[in-house]
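*Asks:* Read off the chains here:
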Amino acid sequence: MPSGGEMSTTPQAIRLRQRAATMRALARRIESFSVLDLHRAAGADTWVGPSPFACAEMLRAHRGRLLAAADDLRATSSRFERQADELDAAALAESLSGPVRVG
Amino acid sequence: MGLLAYHPERLAHLRLTMKAASAELRATRCADPAADGAMAVVGAALAELDHTSLPLVARILDSPAMSRGQLHGAHLGDLENSLVRVMAGGYGWSVQVDPLDDDVTVVTAEEARALGAILARADGRTLAQDRETLEWLATQLSAIAADPVLSREFLANFSDWAELADWLAWSHLLHSGGDPIQVDADLARVLDSVFAGLGRIAWHAVPAACVGSVAALVPDATAMNPYTVALLIERMPLDDVALASVTTELLRLYLDLPTSGSDGPWTDKDFDTGPNTADILFATLLDRPSAAAHFVRQAVGDPNLLLATAADQSLAHEVLLLGTDPAVVSSAEVAPVILHLLEALDGTGPTTIDTSLYGFDPAWHEFLGALVAPWLIEFGGVSTTWPASAPERARLLAFVTTDDAALDTLLARAETAVASIASSLQQGTASTVDVASTLGLLLQLFVGEEVRREEVRERQHQLVWGVAGLVVGSLGGTPGKLATAASRPLTAWTGAFGSPDPEDTRHDAELEMAWVLAVTAAAVTSATFHRLVDEGALNDDVPRPPSPDPASAHPDHDLLADFERWKLDNEITGTRVELILDGALLQFVNGAGAGEHLGESLG
Chain A
69 MPSGGEMSTT PQAIRLRQRA ATMRALARRI ESFSVLDLHR AAGADTWVGP
119 SPFACAEMLR AHRGRLLAAA DDLRATSSRF ERQADELDAA ALAESLSGPV
169 RVG
Chain B
20 MGLLAYHPER LAHLRLTMKA ASAELRATRC ADPAADGAMA VVGAALAELD
70 HTSLPLVARI LDSPAMSRGQ LHGAHLGDLE NSLVRVMAGG YGWSVQVDPL
120 DDDVTVVTAE EARALGAILA RADGRTLAQD RETLEWLATQ LSAIAADPVL
170 SREFLANFSD WAELADWLAW SHLLHSGGDP IQVDADLARV LDSVFAGLGR
220 IAWHAVPAAC VGSVAALVPD ATAMNPYTVA LLIERMPLDD VALASVTTEL
270 LRLYLDLPTS GSDGPWTDKD FDTGPNTADI LFATLLDRPS AAAHFVRQAV
320 GDPNLLLATA ADQSLAHEVL LLGTDPAVVS SAEVAPVILH LLEALDGTGP
370 TTIDTSLYGF DPAWHEFLGA LVAPWLIEFG GVSTTWPASA PERARLLAFV
420 TTDDAALDTL LARAETAVAS IASSLQQGTA STVDVASTLG LLLQLFVGEE
470 VRREEVRERQ HQLVWGVAGL VVGSLGGTPG KLATAASRPL TAWTGAFGSP
520 DPEDTRHDAE LEMAWVLAVT AAAVTSATFH RLVDEGALND DVPRPPSPDP
570 ASAHPDHDLL ADFERWKLDN EITGTRVELI LDGALLQFVN GAGAGEHLGE
620 SLG
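For the record, the sequence lines run as chains A and B.
Read in order, the letters of the first sequence correspond to residues 69 to 171 in our numbering.
Read in order, the letters of the second sequence correspond to residues 20 to 622 in our numbering.
These are computed hints drawn from the structure, not numbers from a lab.
Please note that a few of the clues may not be correct.
[To be verified] So the derived label-pair ranges between C-beta atoms look like this:
| # | chain 1 | residue 1 | chain 2 | residue 2 | range |
| --- | --- | --- | --- | --- | --- |
| 1 | B | A346 | A | L135 | 26 to 34 Å |
| 2 | A | E99 | B | D258 | 45 to 53 Å |
| 3 | B | V125 | A | R147 | 36 to 44 Å |
| 4 | A | A89 | B | P74 | 36 to 44 Å |
| 5 | A | A89 | B | V123 | 29 to 37 Å |
Where is the CB? At the ideal position from N, CA and C, for every residue including glycine.
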């Protein structure tokens, strides 16, 4: 059963699942960055003025871009998993349609 | 270059957090090409932290804060530095020069709060003439007004509006024409923008159910000058009824307002020139016909609100014409407005207007011609729409038409008057009897006016020749020779210009009136006759009804006699058709007597 990961049958599928895991791990790491919370510490409770405002805005912008990148990584991971499943399904179908061995 | 304020310990903590975040980002690796996009984002965040944010924080922490003297030199007291001033003065934060200039179109919640707090304590008189700061303030207020949250933050800290707003209004007044030497339209426009921002900010805090009262619209309104409140509400999105109510309330306050003391802020009552409270409000109403209609109906109980408030009384006239336009009000709605106004001006109403006051627009009488033009049919003798007797209505219309300028205005608007009557006929709100009655009344008024002018001419004639006779008499000589000497030029003058004769004038004018009525009666009767023939109620071999005889000295009476004879000759007398034809003819040559009689009673 390919999607359960019990019987990956092709090297390509195995490689795709490894890459999917890498993408998910990177997404998790990005989502745990302390930079994502920096805008709070850089807010008006700490400093005010044109430069502090610009700095806090920049940190908010980076936060948004990093979270979007994490989402993209998860989407890529799901795509790799799906491609691996398709490869496994094709390999299984080919093995079932081959010559019958008489025992 | 602006200023920045900071809490040193918190900023030091921020630097540590930034360094940790930078280390995290730097330690992140991924060789898979599918992660290239994400790694680019990580790299950009790292670069920004390492090359911009951390150096900024480090520079601030490693530089000495500004001393008290340096702060004074750096204009910490300026309105533009409100937030830095609040944080430094109120919370003991450190201050340094900020290498960046502020983006004046962007306002944070903290900036809105600080601006409200500092503005409430600002020196209004100085600020009111500081063009540069006012321009900055207008931009900031506009940004705050666009956001309900920012508006509430601002208002929470902006208390005691009245004096500051009154000083700003004084400057607006001064530069809009209050002082002809200091007129500055650009500065007045900047102040307009400031008031627009303040008004729109205040609007965010107005309870929906209370928009019809000044106190509910503007904080501290009761302590402000009406002119100030007018500038604030001018741009508020009030509905028509609320705008009318607030206008009425403010004009009452304006009329009751005393002149100011010597310390100011001075009000429009202190200036002889320039716009006043009413001018601002009336200009606003002119864009809102329905609001103008509500206003004139609300205010007519005190006609002084309408005609004795505006510095530019043409604005008041325009508002009245707009608010009594048949396009926006019905006859029943407009009745109290026009009747009360005319009674107030001719001195017969419960409230009168002293038109002899200094500054009262001398064109007020002329305006009345335009006011009554669309409503002539309501003045007719048989109309029952308005709550005034026929003689009262006729007297009030005569009050308008006896003034030359008013009559000229009315005649210039004849097209409006005719269109209005046509509309009433079309909508069924008036009958041909109403029209006949109005026509009769107008004709009698015009006859009376012609006679009056001839009487004036006669008195002029007597005066001039009386004086001339004295001159001749002073030269000496026998009475007979004197009489001869005086009579020759008089005879020559009379031959050239005609001797004044009011009775003759009345006769001619009444003959003309009789002609108008007779011709109209014949035309209406003829149209009715043809309709009856078409419907089969009359045979098509019956001759047409009579027309007025051009040689007649009494065209109306002769037409009536010819008509009676025509009915007998054609066996119409005593039939149902007779009633219909009588109805058509008699409303003009006899039925119009209602109007004629009224006109005569005025004579």
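*Asks:* Give a verdict on every hint.
*Replies:* Here is how each hint holds up against the structure:
A hinted range of 26 to 34 Å is violated for the C-beta pair A346/B and L135/A, which are about 59 Å apart. Judged by the Cβ atoms, the range 45 to 53 Å given for E99/A and D258/B holds: they are separated by roughly 50 Å. A hinted range of 36 to 44 Å for the beta carbons of V125/B and R147/A is consistent with their spacing of about 40 Å. For the hinted restraint 36 to 44 Å between A89/A and P74/B, the CB-CB distance of approximately 38 Å keeps it satisfied.
The hint said 29 to 37 Å for the Cβ distance between A89/A and V123/B, and at roughly 51 Å that hint is violated.
In terms of the numbered hints stated before, the structure departs from hints 1, 5, listed from lowest to highest.
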